[in-house]
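**Student:** Take these sequences, add in the hints, and give me the full structure.
So the sequence lines, in the order shown, correspond to chains E and Z.
To convert, note that position 134 of the first sequence is 134 in our numbering; the numbers rise steadily by one, no gaps.
To convert, note that position 612 of the second sequence is 767 in our numbering; the numbers rise steadily by one, no gaps.
Since the hints were made in silico from the structure, they are not lab data.
It is possible that part of the hints are untrue.
What the hints assert, rightly or not - The list that follows gives simulated cross-link-like pairs (lysine-lysine, DSBU-like), each with its CA atoms no further than 35 Å apart:
1) Z:569 - E:22
2) Z:879 - Z:578
3) Z:879 - E:150
4) E:150 - Z:824
5) Z:215 - Z:422
6) E:85 - Z:760
7) E:85 - Z:620
8) Z:587 - E:128
9) E:22 - Z:773
10) Z:620 - Z:186
11) Z:620 - E:120
12) Z:773 - Z:760
13) Z:456 - Z:569
14) Z:215 - E:22
15) Z:456 - E:149
16) Z:942 - E:128
Claimed, not checked - Computed footprint of chain E on chain Z; a stretch qualifies when at least three of its residues, placed anywhere within it, have a C-beta under 8 Å from a C-beta of chain E:
17) 342–354
18) 511–519
19) 629–640
Where is the CB? At the ideal position from N, CA and C, for every residue including glycine.
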Amino acid sequence: MRKVISFTLNGYNVSAEVESHKMLLEVLREHFELTGPKEGCGQGECGACTVLVDGYNVNSCIYPAFEVDGKSVVTVEGLLREGNKLHPIQQSFVENGGVQCGFCTPGMIMSAAALLNENKDPSEEEIKRAISGNLCRCTGYVQIVESIKKAAEMI
Amino acid sequence: MNQLRFVGSNLPRPDAPDKAAGRALYIHDLKRPSMLYGKIKYSEYAHAKIKHIDTSKADKLPGVRAVITGYNTPEIRIGFIRDNFALKRGKVRQFRDEVAAVAATDPEIAEEAIDLIKVEYEELPGVFTPEDALKEDAPLIHEEDPRGRPRKDNIVPVPWKFVSGDVEEAKKKAAYIAQGHFETPLIQQSCMGTAGCIAEFDLQNNLTIYTKTQIPFLAQNDFNRALAAMGLKGKNTRVIVPTLGGSFGTGLDTHAYEYIAILLAYKTGRPVKIVLTREEEFTALSPRQPTKTDIIQGCDKDGKLLFREIRMLLDNGAYTSWGATTPSVMMLPISSMYRVPNVYYETTIVYTNNTFCQAMRGYGNPQATWAIESNLDDLAEEAGIDPFEFRMINRNVPNDITPMGLHISTCGHKECLEAAAEKLSWKEKRGKGRKVARGVGMASLFHVGGSGRVYRSDGTGVIMKLDDFGNVSVITGGVEMGQGLNTALTLASAEALGVTPDKVTVVWGDTATCPWDVGTHASRGAFTACNAAIMAAEKARKKVFELAAEHFMPRVKKQLEKRKKKDPDFEIPDLDYERVRDPSEFDMKENIIFLKEEPGNPFLKVALEEILRAAHFKQEGTMIVTEAFYDPCNEMIDPRTCKGNLSATYIFGTQGVEVEVDLETGRVKVLHVVAAHDVGRVLSQQAIKGQIYGGVIQGLGYALCEEYKTDKGRNLNPNFLDYKIFSAPDVDFPIDIECIETIDQEGPFGAKGVGEPGLVPTAPAVANAIFDAIGVRIRSLPITPEKILAALKEKAKG
Chain E
1 MRKVISFTLN GYNVSAEVES HKMLLEVLRE HFELTGPKEG CGQGECGACT
51 VLVDGYNVNS CIYPAFEVDG KSVVTVEGLL REGNKLHPIQ QSFVENGGVQ
101 CGFCTPGMIM SAAALLNENK DPSEEEIKRA ISGNLCRCTG YVQIVESIKK
151 AAEMI
Chain Z
156 MNQLRFVGSN LPRPDAPDKA AGRALYIHDL KRPSMLYGKI KYSEYAHAKI
206 KHIDTSKADK LPGVRAVITG YNTPEIRIGF IRDNFALKRG KVRQFRDEVA
256 AVAATDPEIA EEAIDLIKVE YEELPGVFTP EDALKEDAPL IHEEDPRGRP
306 RKDNIVPVPW KFVSGDVEEA KKKAAYIAQG HFETPLIQQS CMGTAGCIAE
356 FDLQNNLTIY TKTQIPFLAQ NDFNRALAAM GLKGKNTRVI VPTLGGSFGT
406 GLDTHAYEYI AILLAYKTGR PVKIVLTREE EFTALSPRQP TKTDIIQGCD
456 KDGKLLFREI RMLLDNGAYT SWGATTPSVM MLPISSMYRV PNVYYETTIV
506 YTNNTFCQAM RGYGNPQATW AIESNLDDLA EEAGIDPFEF RMINRNVPND
556 ITPMGLHIST CGHKECLEAA AEKLSWKEKR GKGRKVARGV GMASLFHVGG
606 SGRVYRSDGT GVIMKLDDFG NVSVITGGVE MGQGLNTALT LASAEALGVT
656 PDKVTVVWGD TATCPWDVGT HASRGAFTAC NAAIMAAEKA RKKVFELAAE
706 HFMPRVKKQL EKRKKKDPDF EIPDLDYERV RDPSEFDMKE NIIFLKEEPG
756 NPFLKVALEE ILRAAHFKQE GTMIVTEAFY DPCNEMIDPR TCKGNLSATY
806 IFGTQGVEVE VDLETGRVKV LHVVAAHDVG RVLSQQAIKG QIYGGVIQGL
856 GYALCEEYKT DKGRNLNPNF LDYKIFSAPD VDFPIDIECI ETIDQEGPFG
906 AKGVGEPGLV PTAPAVANAI FDAIGVRIRS LPITPEKILA ALKEKAKG
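**Tutor:** If you want it as structure tokens, here you go:
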């Protein structure tokens with residue numbers, strides 16, 4: 001089954017004709033040619049594909065594309081401001097060593113964005129819980145947690 | 156040297172903004188026009204004869220452009236001793252054996268086509284433990300060796316043996332002896348970005364392959380060899396490395412999937428992309444080798460080590476990768492960690508029908524250190540000496556030559572041990588937590604810190620290109636895979652050349668444009684590339700100052716005249732503007748050229764870019780491009796004696812861990828980790844912390860939860876739900892990093908390699924802490940609650 005879905009993507013109204021079995025990640029990457037959401041596992045285990053749907057972080061690799069019809073989707077690209085200005089969370093990851101190989105980074109940042117939407121002053125434990133679904137093999141998470149902590153201070 | 160501006164600073168990674176914005180392009184993000192998608196069909200048996208492959212249905216599926224097997228393609232041999240094949244003929248030897256592949260216009264069609272291929276097998280008895288593989292009547296995994304000669308057993312013909320002194324004699328003299336059998340499991344590197352490539356041919360049949368590798372130039376050689384096997388002798392490969400989503404050793408071999416993409420691209424005349432799924436990453440890439448180690452160490456009555464004897468049995472799996480050379484690195488700690496005069500080391504590597512293994516961060520060192528450092532605590536216990544004191548007695552010292560012939564120059568072992576003990580409050584805590592099942596433990600590491608001459612060349616090239624705007628391209632053969640090579644290289648190049656880091660762009664990952672490099676392995680990336688960059692920068696400075704001799708004073712004059720125009724009150728100082736100066740009179744810092752004699756003179760300063768432009772943009776102009784090829788002062792080990800000074804310098808470290816054990820559940824809770832490392836010098840604060848934090852957490856995963864489980868050769872946990880790596884909430888304890896700066900004379904600005912060490916001693920430090928907490932010794936990784944409970948039960952029995 002195919003259907004035209006309409007939603008806002010990073011602030012713009014968009015639509016796409018998709019098949020019923022397609023997941024949001026594939027639509028974002030293949031149809032809209034976004035490279036921010038990554039496929040690390042394709043089964044909702046690693047969090048590299050994390051995007052915001054109506055402000056909440058979801059694993060887009062197991063989120064049916066049909067489900068975003070009428071909703072708002074924000075990817076890591078959507079955090080950028082005019083003139084390639086990084087969002088404070090992105091900037092904080094850059095400044096505090098939150099980035100290494102970078103494959104988990106967009107997903108991490110989106111989970112951090114969802115957290116900071118809800119909680120302006122999260123504790124270290126709350127930060128760790130918020131990114132518990134985002135695996136990273138390079139950093140040992142320490143500088144990622146620091147990045148999110150400092151981002152909260154900046155925002 | 157004492158006024159370093161950028162080296163050791165906290166400047167961010169140059170690639171971080173793009174990565175944080177989702178703009179960095181990994182293999183998953185790359186597309187080529189008219190690209191096809193490749194997919195591989197793997198074996199359904201661990202050991203079986205291939206009777207027949209029926210591809211007729213797959214051939215007819217719309218969208219399929221090629222279906223290949225070992226029977227309709229040229230034989231491409233791969234692997235360290237060329238005992239593997241891109242596509243298998245005759246029989247399969249492991250579940251992941253590649254028996255067929257397709258290229259299709261869509262990934263879903265490719266997957267469907269794979270299912271339509273029917274392979275008929277005749278199952279053969281399999282061998283799944285190294286002990287079984289050594290039995291006299293064991294089925295042969297390989298009936299013939301790579302040269303076609305019949306094989307009689309399953310022993311991989313890569314023996315490793317190292318003998319120094321007389322262990323038997325030392326055993327007689329020893330006052331205390333500890334003996335043990337230690338095991339380590341298969342574990343998966345678990346890169347967040349899975350492996351993949353795109354292969355394409357141009358119309359001259361030269362190959363371009365975008366691929367996830369740590370060895371672009373050795374891969375070029377491997378692929379050229381494959382081209383020759385395909386009848387394309389003399390054709391060339393261009394290897395392009397995209398952004399890597401981690402690598403951790405997976406990129407040290409070329410892989411069957413790469414050759415399959417090459418075969419499919421050649422057959423279809425179109426670019427072919429193969430990216431592994433997470434399940435394939437687990438089941439079809441090679442994990443870290445499992446080991447079985449028998450160890451005996453002995454000391455005299457004062458605790459001085461007299462001997463170390465180690466016999467290892469390694470499960471190679473069905474084929475041989477470069478992983479079979481990891482014993483050469485195991486030999487480093489075995490022969491040289493702590494001062495031990497008599498050493499015996501022997502390893503047997505055997506074929507089985509398990510998945511074949513390859514390198515992972517640490518390259519054998521974690522397996523060896525697991526046995527040595529666990530057993531060392533047992534020996535300290537036997538001798539009645541505090542394990543920290545025991546280590547201090549036997550610690551490595553500067554300016555020493557070890558039994559393996561390793562020349563230790565700088566050595567911060569003592570400082571690392573002391574830092575770990577102090578930060579862990581060793582004196583207050585050791586031996587005092589038994590009542591509450593809390594304990595502290597430590598373990599050290601010894602590793603190459605100045606590259607390792609695994610191949611005849613241990614070289615790396617750097618080209619430094621200065622443009623008209625004072626920008627500097629640092630073109631390197633090394634590979635950035637997340638570790639921070641580009642960061643270190645940016646800072647070191649800026650420092651050495653005298654420019655600011657924002658002027659530096661590191662260019663890497665293309666065999667057609669970058670100078671040769673043996674590969675990013677052995678913690679050598681920053682060590683070798685920064686050394687090469689320093690050499691290239693010296694040459695560039697020399698040229699800059701030669702140009703300045705001619706152009707400096709005229710530029711000064713022009714600047715002052717310009718100023719006068721703007722500001723009529725300005726008085727042009729009385730200088731000799733016609734004077735041609737000597738190049739040796741100049742210095743340059745932060746993009747500004749000035750006179751050494753008058754560094755503070757505000758009039759005698761010219762920007763680098765002005766000199767470069769003046770020298771270039773004219774008739775008979777000139778440009779500055781320099782190159783350097785750095786090859787460290789180390790040796791290949793003698794294949795007969797296994798002796799030789801493998802590295803230009805060595806690194807040391809000690810990690811201390813405090814744990815609490817839940818006696819009800821057997822769960823080990825980490826309370827505190829201290830990681831004290833002799834790093835030579837910190838090149839980049841961010842990068843070094845990332846390397847050590849990340850290493851420690853990988854090491855804790857190895858210690859406590861990671862295990863690639865198999866049943867008769869089949870992987871049982873090919874996903875992150877069943878294969879547990881640490882997640883953020885698991886890191887609920889502080890990690891204290893102590894960087895000991897020993898400033899090594901061979902290192903760039905004194906730095907040593909730091910890529911691998913972070914995870915090497917973690918597991919034995921945990922096991923030693925557990926022993927302190929509850930008095931049981933766990934000898935096999937990972938240390939699961941089940942093993943703890945079983946050991947406690949055993950202990951209770953007495």
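**Student:** Looking back at the hints listed earlier, which ones does the structure fail to meet?
**Tutor:** 1, 9, 11, 15, 18
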